[in-house]
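Residues per chain, in single letters:
Number of protein chains: 2
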Amino acid sequence: MAVKNDYMIRDLREEELLELADLFKMFADSTRIKILYDLFDGEKNVTEICEDIEMNQSAVSHQLKALKTAKLIKSRREGKSIKYSLDDDHVKTIIAMGKEHIEE
Amino acid sequence: MAVKNDYMIRDLREEELLELADLFKMFADSTRIKILYDLFDGEKNVTEICEDIEMNQSAVSHQLKALKTAKLIKSRREGKSIKYSLDDDHVKTIIAMGKEHIEE
DNA sequence: CTTTCATATGAATATATTATCATATGTTCA
DNA sequence: TGAACATATGATAATATATTCATATGAAAG
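So the sequences go chain by chain: A and B. In this text, residue positions in the first sequence follow numbering that gives the first Met the number 0: the first is 0, and each later residue adds one. In this text, residue positions in the second sequence follow numbering that gives the first Met the number 0: the first is 0, and each later residue adds one.
Among these hints, one or two may not hold up.
For identical chains, the list gives no copy identity; a pair is met inside one copy or between any two copies.
[Stated by the list, open to error] Mimicking EDC-like on lysine to aspartate or glutamate, the simulated pairs with C-alpha atoms at most 20 Å apart in a straight line are: (1) 91 <-> 21; (2) 73 <-> 21; (3) 98 <-> 14; (4) 91 <-> 13; (5) 73 <-> 99; (6) 24 <-> 103; (7) 70 <-> 102; (8) 70 <-> 99; (9) 24 <-> 13.
No lab work stands behind these hints, which were simulated from the structure alone.
Work out the full structure: start from the sequences and follow the hints.
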């Protein structure tokens with residue numbers, strides 16, 4: 000059994016800390032927050048999201064990809080369009096906590 | 000009573016969305032996460048934090064300032080040193096939610 | 001009152017991130 | 001099969017961010 004030599008704070012390894020930071024980066028951009036928050040309503044396709052948040056299709060697609068890579072949203076094809084929806088229960092909680100903080 | 004014309008998703012105004020994103024930016028950097036997580040233990044001065052997270056004093060001070068501006072930490076002077084501590088109950092919850100997500 | 005220890009800060013550089021533009025891919029339907 | 005529609009993607013340029021270095025501020029102790 001190898002000894003862990005990585006840098007560590009309490010029970011959090013360097014590697015996990017970087018992952019955590021990367022996760023929170025997903026919430027750290029207003030376009031992405033808008034998308035996530037928009038999906039609180041349920042499944043939507045790209046065009047709908049673009050209209051809701053008033054951003055162009057390319058920017059939205061790029062951010063959807065980032066959110067999907069982070070496993071915060073999932074997608075499925077339906078005919079010509081792709082439907083996106085939240086893929087993690089923590090998303091709502093995290094955003095709710097954030098809201099509570101700024102509302103104080 | 001003026002009509003609100005700002006961009007809005009459900010009950011979240013553009014302004015609040017930007018604030019939310021700014022808040023999450025604080026968690027979106029590994030140095031800042033390390034500092035916050037380090038402060039889970041309680042009050043610490045700058046030198047202690049630097050040692051714990053293995054970062055130089057200047058970088059830590061810059062980030063402490065950002066965290067303080069975001070009202071996530073507070074400080075008080077004690078003799079020559081300045082003691083920092085968490086200033087928001089949501090910090091632990093937000094980080095905990097993040098941890099749960101990445102551990103899945 | 002000047003030296004030492006602790007922290008903060010400004011400027012500069014290096015790096016990361018985002019939106020935009022142009023274009024590619026993939027689906028449906030005539 | 002080729003328009004028309006929906007989405008994705010690569011490259012680029014603009015902007016934001018973090019770290020470092022040098023130095024400033026501020027407290028305490030001799």
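Quick one: residue 91 to residue 21, C-alpha cut-off 20 Å, is that within a copy, between copies, both, or neither? both (18 Å within a copy, 17 Å between copies)
For residue 70 vs residue 99, is the C-alpha pair at or below 20 Å within one copy, between two copies, both, or neither? between (24 Å within a copy, 13 Å between copies)
Between residue 98 and residue 14, at a C-alpha cutoff of 20 Å, which is it: within one copy, between copies, both, or neither? between (28 Å within a copy, 12 Å between copies)
Intra/inter-copy verdict for residue 24 and residue 103 if alpha-carbon distance must be at most 20 Å: between (23 Å within a copy, 18 Å between copies)
Within, between, both or neither: how does the pair residue 73, residue 99 come out at a Cα-Cα threshold of 20 Å? For residue 73 and residue 99, only the inter-copy Cα distance (18 Å) is at most 20 Å; the intra-copy one is 26 Å.
My question is about residue 24 and residue 13: at a cut-off of 20 Å on alpha-carbon distance, are they close within one copy, between copies, both, or neither? both (17 Å within a copy, 19 Å between copies)
Intra- versus inter-subunit Cα pairing at 20 Å for residue 70 with residue 102: between (28 Å within a copy, 12 Å between copies)
20 Å Cα cut-off: does residue 73 pair with residue 21 within a copy, between copies, both or neither? within (18 Å within a copy, 25 Å between copies)
Between the shortest in-copy and the shortest cross-copy C-alpha distance, which are at most 20 Å for residue 91 and residue 13: within, between, both, or neither? Close across copies (18 Å), not inside one copy (26 Å); limit 20 Å.
Of the numbered hints given earlier, the model fails none.
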